[in-house]
Amino acid sequence: MVSIQSLQLPFAGGLLIGLAALLLYAALGRIAGISGIAYGALWGERAQRGWRWLFLLGLVAGGWLAVRAGMALPVAEWPASPGSKLLLVCAGLLVGVGTQLGSGCTSGHGICGLARLSRRSLLAVLTFMAVGMLAATWLRPLWS
Amino acid sequence: MLNRSITVLSGLLFGAGLVVSGMADPAKVLGFLTLDANWDPSLAVVMAGGLAVTIPGFAWLRRRQRPLLANTFAQPSSATVDWRLLTGAMLFGLGWGLSGYCPGPALVSAGLGQSAALLLVPAMLAGAWLSASLRR
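Top line first, the protein sequences correspond to chains A and B. Just add 328 to the spot in the first sequence (first one is 1) and you have this note's numbering. Just add 104 to the spot in the second sequence (first one is 1) and you have this note's numbering.
Think of the hints as simulated: they come from the structure by calculation, not from any bench. Owing to the predicted nature of the structure, the values given are computational and were not obtained by experimental measurement. There's no promise every hint is true.
[As the list claims (entries may be wrong)] Estimated spans, in silico, between C-beta atoms of each pair: (1) A:470 to B:148: 20 to 28 Å; (2) A:334 to B:139: 17 to 25 Å; (3) B:176 to A:409: 20 to 28 Å; (4) B:169 to A:332: 15 to 23 Å; (5) B:175 to A:470: 49 to 57 Å.
Where is the CB? At the ideal position from N, CA and C, for every residue including glycine.
Kindly produce the complete structure, drawing on both the sequences and the hints.
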């Protein structure tokens with residue numbers, strides 16, 4: 329059963345994510361889209377790689393600090409079977425190809441794009457939400 | 105120096121937000137994406153929290169010519185809805201729904217040494233590299 333208490337941390341975490349995105353855009357004009365930042369850090373224009381690495385460093389350090397402060401990050405449970413490893417690899421490939429081809433993920437299209445009132449981002453969010461729900465509800469059970 | 109500090113701070117807030125919100129845990133994300141009796145609305149609430157900050161914030165910024173510490177706002181590479189955008193969003197949704205990982209949580213979890221994410225992230229980067237190579 330969903331309680332209001334159980335939604336307090338998701339809302340607070342969402343506020344932090346929004347604050348992070350607003351800070352980056354307001355101060356430096358940069359979009360906090362994680363897929364774009366990650367791929368740009370590896371293969372983007374050289375002069376633009378440094379800040380992306382700094383952001384990613386902060387990203388992981390921020391997660392680490394939150395865990396240190398007592399926030400839960402359960403170890404993701406995946407069966408050690410070859411099938412479940414294959415599932416992770418296939419899912420990773422799909423996420424990589426999809427976010428590169430579609431120019432963004434949950435953060436870039438979701439948190440920043442929607443706030444920029446971008447029609448592209450709205451359509452992308454509706455599409456990946458719908459397909460994500462279809463895949464998790466009906467496809468994922470077939471795999472295991 | 106100030107620019108760099110702000111960039112790191114933004115990353116810190118973002119990473120902390122992913123853990124605090126529960127979104128760094130793929131089980132929590134799958135709880136939202138799986139439509140069954142145990143449906144968990146958390147992810148929608150995370151989006152609502154994020155947008156509660158960015159929608160008014162970005163609206164205020166639209167009245168400005170430039171960011172506070174830089175010359176220009178980043179512009180998206182394209183303005184049209186095309187097959188790339190929609191196919192990309194579909195493939196991403198498929199991978200997201202199968203695993204519960206989108207790029208941010210995957211990178212944080214991998215950075216913190218979680219084995220599932222350490223398997224998924226290299227595949228994700230390979231996928232992105234492949235897609236970028238084929239586009240050229």
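Evaluated hints:
1. A:470 to B:148: 20 to 28 Å: holds, 25 Å
2. A:334 to B:139: 17 to 25 Å: holds, 18 Å
3. B:176 to A:409: 20 to 28 Å: violated, 50 Å
4. B:169 to A:332: 15 to 23 Å: Taking Cβ atoms as reference, residue 169 of chain B and residue 332 of chain A lie about 42 Å apart, which means the hint is violated.
5. B:175 to A:470: 49 to 57 Å: Since the Cβ atoms of residue 175 of chain B and residue 470 of chain A sit about 51 Å apart, the hinted range of 49 to 57 Å holds.
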